[in-house]
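Just so you know, the protein sequences line up as chains E and C, in that order.
Going by my numbering, the first sequence opens with residue 3, and the numbers climb by one from there.
Going by my numbering, the second sequence opens with residue 11, and the numbers climb by one from there.
These are computed hints drawn from the structure, not numbers from a lab.
Each residue gets a CB set at the ideal place from its N, CA and C atoms; glycine is no exception.
Residues of chain E placed beyond 10 Å of chain C at every Cβ, according to the derived structure: (1) R55; (2) Y72; (3) E77; (4) R114; (5) R117; (6) E120.
Looking from chain E toward chain C, a few residues come up when the C-beta cut is under 7 Å (computed): (7) Q21; (8) G22; (9) P26; (10) T36; (11) N40; (12) S41; (13) V96; (14) P97; (15) T98; (16) D99.
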Amino acid sequence: MEDLLISVLETFGYPVMLQGSLLPDEPYPDSFFTFWNNSSEDSSFYDNTEHSRIYRYTVCFYSNSPGLVYQKLREAKKALKNAGFTANGDGYSVPTDESSHDGRGMDIFCIRHLRKGE
Amino acid sequence: MGRRIFYAEISGFDDYIRKLNSADADTKAVVTGAMKTAAESPTKGTVEGVKKPNLPAKGKYSTGDTEKTVIENPDVLWQGNTGAMGIGFDRTKNGVGTLLITGTPRMKPAKKLEQIYSRKKTVNEFNRTVGKIVSEELAKKLNGS
Numbered sequence: 003m004e005d006l007l008i009s010v011l012e013t014f015g016y017p018v019m020l021q022g023s024l025l026p027d028e029p030y031p032d033s034f035f036t037f038w039n040n041s042s043e044d045s046s047f048y049d050n051t052e053h054s055r056i057y058r059y060t061v062c063f064y065s066n067s068p069g070l071v072y073q074k075l076r077e078a079k080k081a082l083k084n085a086g087f088t089a090n091g092d093g094y095s096v097p098t099d100e101s102s103h104d105g106r107g108m109d110i111f112c113i114r115h116l117r118k119g120e
Numbered sequence: 011m012g013r014r015i016f017y018a019e020i021s022g023f024d025d026y027i028r029k030l031n032s033a034d035a036d037t038k039a040v041v042t043g044a045m046k047t048a049a050e051s052p053t054k055g056t057v058e059g060v061k062k063p064n065l066p067a068k069g070k071y072s073t074g075d076t077e078k079t080v081i082e083n084p085d086v087l088w089q090g091n092t093g094a095m096g097i098g099f100d101r102t103k104n105g106v107g108t109l110l111i112t113g114t115p116r117m118k119p120a121k122k123l124e125q126i127y128s129r130k131k132t133v134n135e136f137n138r139t140v141g142k143i144v145s146e147e148l149a150k151k152l153n154g155s
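Full structure from sequences and hints, please.
In structure tokens, the structure reads:
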């Protein structure tokens, strides 16, 4: 699921990284995405077996261009929806380590139907 | 207001509310009390979540300020039939609660706080507790005790 998430975000041409993975002395790229997997819960239980799994992610976009943080996150929401993810709302502001950058995040999730024996 | 806002929309529980009203119960007071009880568990978890062992780098950089920003007795604000309650950190005070929940590009989210505020489980438990207390209150009123 993470592969799909990353590949969709990479279509925007910005770096995509795991939240918290930038080194302390590593400079922020001008604009970039981060993601974090909040949970993966089994669901659709029948015959004592799970038949689907719900993945929840936080996706953030950071930029030194304030206008881009709204625009790109909205575009990412559309692209992720087309790829089968679900996103709720218009995102929220997220803190950054650098005063040069603004950030916005959104919570997305995806339900994956499990194959037999998976 | 805190990081996460919890809502109780009482107009959706028409049957419950009609019964509570007919039993002379103060519906908003009952729901307010239920929400406050339901908030105890995530609030306790939040206080625990900002203790040094649960912070990034085991709290090496913690000043203790964030713990002082935890909303310990959240209020319910009513707008029409919707009660809203902010649980988490008081953003008007100096602290880094929100930052700990979402993390930053250079810092991973604090695990315990992220579990409380980024997962569906907390909302489900909150709603379940509110529903249980309201239905118990209704049963008490209808039975005249």
